[in-house]
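Taken in sequence, the protein lines are chains A and B.
For what it's worth, my numbering labels the leading residue of the first sequence as 1, then goes sequentially.
For what it's worth, my numbering labels the leading residue of the second sequence as 422, then goes sequentially.
By construction, these hints were calculated from the structure, which means they are not laboratory data.
Hints should not be assumed to be uniformly reliable.
Now the in silico label distances, taken between C-beta atoms and shown as ranges [stated by the list, open to error]: (1) A:Q414 - B:A528: 34 to 42 Å; (2) A:T338 - B:E540: 28 to 36 Å; (3) B:G500 - A:F169: 37 to 45 Å; (4) B:A528 - A:T338: 41 to 49 Å; (5) A:D19 - B:D423: 36 to 44 Å.
These figures come from a predicted structure and were not determined experimentally.
Note that the Cβ used here is the ideal one computed from N, Cα and C, for glycine as well.
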Amino acid sequence: MKVARAAAAQSATAPGPIDVEAVRRDFPILAREVNGKPLCYLDNAASSQRPRQVIDAISRYYETSHANVHRGVHRLSQEATDLFEGARETLRRFVNARSTREIVFVRGTTEAINLVAQSHARPRLQPGDEIVISWLEHHANIVPWQMVCEQTGARLRVIPITQSGEVDFEAFLGLLGERTRLLALAHVSNALGTVVPVDRFIREARRRAIPVLLDGAQAAPHMPVDVQALDCDFYCFSGHKMCGPTGIGVLYGRESLLAAMPPWQGGGDMILAVSFERTVYNELPYKFEAGTPHIAGAVGLGAAVDYLQALGLGRIAAAEHDLLDYATERLREVQGLTVVGTAPEKAAVVSFTVAGVHPHDLGTILDHEGVAIRTGHHCAMPVMDFYGVPATARASFAFYNTRAEVDRLVEALQVAREMLA
Amino acid sequence: MDLKDLYRDVIVDHNRSPRNFRPMPDAHRHAEGFNPLCGDRLVLYVKLDGERISDVSFQGSGCAISVASASLLTESVKGRTVAEAEQLFTRMHELLTRDDAATDPAALGKLAALSGVREFPARVKCASLCWHTLDAALHREAAPVSTE
């Protein structure tokens, strides 16, 4: 697979910051207009946009190499298999897993967490056992655990957060006990942008032999992730938030745990031999990939990783941090604006409210100015309840955003205030 | 498409100073409406004098469209019969959702200020929430009304 060509012109080893104008030319959608104004896309925490390199990789796959994988002896099936498994190796390197046996392709973070809940947790949980999550979690890291608790009689324990939006470490220590069977934690909060210092939490959990799952949906696109250094047991992330296709994501699982888990779904590809008396399941990771996988999605995700790594995750993080600092400062100029979530370590997400203007109205007025932000509860209703707000507005930045776009956000907010406040 | 078609002066005014925005401890009927997408929540209270709506009020929080729509609703249905209120609901539904709406905006009075919502499909639910809630209150539906 060809590595991101345009981005290669400014590779990770290139000195200095990312050339944002060059990067923007890689993203065809950034050239479009909304309501007669250039698109200002600040909803990256919901879903990022895709560079030409990813779109081309998917098209090329369908135009030249598509067939079903792991099945035929014919040429196309072999090519498709090579591309699909090549993408798995790319993803393995991306998170530094020990082996591709630990890289399971799934639909996204949500499916990854459900897989672990049903296949790892459910068979092990006894009534009275406990699963620990935090108040920051996205619904995808709450509901699957509630479901498994209902199925097994286990209990969900929730680590409180502080007013700044940090997970309360002392309270966490108090929640760990004899019956704790799993810790499931966001790496980065989607609603507030808090970067959770997961190392400390993992260390305490591992010391007590409690497996740890990290929801990395908001972290993987924005910072280097090393599952061996993190020493977590499961790490889940989605392709569409990191410049890849929708409908594809990854579950990293520690091999010893994956090996001990029963399959998640049954069907083709996840078996070695089937008779009506007995079925022998396939080896890892195929045991968890029943049916024809999202081959083009995996190929596209591999291309997205190539693209991000050509730019360099460190440089991406630096560019986004610059935008976060600039936005946080400029938003102070908007009268009545309150930033929700002020942890010292944040990803490039700013959640806020504006006195006298409901977030939903902000969303409509900003859209009219060509500025796309998310408004609502961000699939984190407990976080909204914690701050006593029904909803917030959220601007989330990617490395292809500019300071000029932050300026446009601020100007659009002033328009909204004049209109409604 | 102009934003001023959505946020008309009447709507901005009713959002800033909602009318009949109060609890009603002696209401004969009440119902709760919730729009999970944007978190709009409101409770609608109705007092009946036979078939006539003698008083109506609401409480809650929501976007400008939902608050203004509820405020306008209370002004429009007070003093009307239940049947008349239901007829208004049907007309409002048409006004909000149908381009070819046969409804004469003049027949809707101030409610016609909401006609711009039609151009903003994502916001139609905000404007219709209070009407669905009124409908539930009049029909004594116990479960909260949701737009989803």
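Hints and how they fare:
In this structure, Q414 of chain A and A528 of chain B meet the distance hint of 34 to 42 Å, their C-beta atoms being roughly 38 Å apart. The beta-carbon spacing between T338 of chain A and E540 of chain B, approximately 31 Å, falls within the hinted interval of 28 to 36 Å. Look at G500 of chain B against F169 of chain A: about 60 Å separates their beta carbons, and that is not inside 37 to 45 Å. Judged by the Cβ atoms, the range 41 to 49 Å given for A528 of chain B and T338 of chain A holds: they are separated by roughly 43 Å.
At about 38 Å, the CB distance of D19 of chain A to D423 of chain B agrees with the hint of 36 to 44 Å.
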